[in-house]
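Asker: Each chain is listed here by its residues.
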Amino acid sequence: MSQRYFEDVHEGDELPPMVKNASRAQLFLFSAATQNPHRIHYDREYAAVEGHPDVLVHGPLQGAWLSQLVTDWAGPKGRVLNVGWQNRARGFPEQDLTWRGKVTATRREGNRGIVELEIVETNPEGQTLVPGTATVALPLRGS
Amino acid sequence: MTETESLIPPEALEQIDRLVGEPQSATISRRESQRYAWAAGDLNPIYFDEAAAREAGYDGLVVPPTLLGWIMEDGRPLDQLREDGLYKGRRQGIGLRVSRTMFGGQEYDFVEPIYVGDTITAETRLKGLEEKTGSSGPFVLTTQETTYTNQHGRVVARGRVLSIAR
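Those protein sequence lines, which keep their order, are chains A and B.
So for the first sequence, my numbering puts the first residue at 90; every next one is plus one.
So for the second sequence, my numbering puts the first residue at 6; every next one is plus one.
Mixed in with the good hints, there may be bad ones.
[Unchecked claim] Computed footprint of chain B on chain A, listed as stretches where at least three residues anywhere in the stretch have a Cβ under 8 Å from a Cβ of chain B:
(1) 113-122
(2) 126-133
(3) 151-161
(4) 166-178
No lab work stands behind these hints: they were computed from the structure.
Positions of the beta carbon are idealized from the N, C-alpha and C atoms, including for glycine.
Using the sequences and the hints given, assemble the complete structure.
Answerer: Next up, the structure:
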């Protein structure tokens with residue numbers, strides 16, 4: 090993972106897209122790792138009772154992905170200061186879910202740079218599942 | 006909508022800014038932290054390789070920060086599981102006139118790094134209750150804020166969870 094420096098980032102820059110495609114086993118593991126027994130994430134028959142055509146990708150798993158998009162882009166010395174997201178539409182397993190980010194503002198703050206990002210996750214139909222934002226601190230070159 | 010039909014009874018409004026439940030503490034193990042990272046598919050070396058974490062300026066193995074919301078989840082007796090798999094009484098104390106609660110979104114401020122082995126104390130407060138009307142009828146937007154403090158007394162993060170209850 091390479092380090093990104095504040096001087097190389099400009100308003101309007103786009104982050105390289107990140108594609109996530111969750112298997113049903115991954116959803117199960119995320120339920121286990123977060124002690125979440127909600128059946129809509131592993132029981133397709135029950136998910137239908139709540140009106141869903143399939144099991145659902147957890148909202149918080151998508152939050153973990155949003156955070157990963159930012160940390161992967163920032164590099165090891167980047168520090169994520171804030172993330173926020175909404176879960177607007179359902180995400181399903183075995184579907185390419187694409188994360189994109191864009192730099193909306195930059196400012197220097199002491200010996201680091203602060204970058205504001207706007208983030209969106211879309212499904213293969215182009216529907217927005219998650220709009221979000223993040224703030225990340227990047228090192229300055231030579232600091 | 007008249008007052009009597011509100012999904013938010015007056016006693017629920019009185020709980021704004023009060024603690025939701027008791028403060029809880031948990032010590033984060035390496036295994037727990039890495040299980041979460043594996044499950045999310047986030048293999049950042051700072052979560053797995055202590056030397057890489059130190060090289061990046063950290064004091065030890067880092068915990069994926071979005072794990073924070075889940076470290077306090079205790080097991081419960083199986084007879085407390087509801088039909089939907091969730092535990093009974095999870096929302097007790099707020100007293101909304103609703104039958105179903107959905108995760109609506111979340112925000113975190115990450116103030117300090119969280120390390121494997123840290124003991125984190127979480128205090129959750131109800132911050133907002135707002136009744137709205139959507140395409141499928143009225144719902145309540147609730148905001149809860151949790152402050153996470155480490156064993157050195159330093160706030161490491163604040164999390165705000167939005168829920169949609171209808």
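Asker: It remains to establish, for every hint, whether it holds in the given structure.
Answerer: Hints, one by one, checked against the model:
Evaluation of the coverage hint for the region 113-122 of chain A: fulfilled, as 5 residues show C-beta separations to chain B shorter than 8 Å, against a requirement of three. Counting residues of the region 126-133 of chain A whose CB lies closer than 8 Å to any CB of chain B gives 5, which reaches the minimum of 3, so the coverage claim holds. Counting residues of the region 151-161 of chain A whose CB lies closer than 8 Å to any CB of chain B gives 7, so the stated coverage by that chain holds, three being the minimum. For the region 166-178 of chain A, the stated coverage by chain B holds: 10 residues have a C-beta nearer than 8 Å to a C-beta of that chain, and at least 3 were required.
Consistency note: the structure conflicts with none of the earlier hints.
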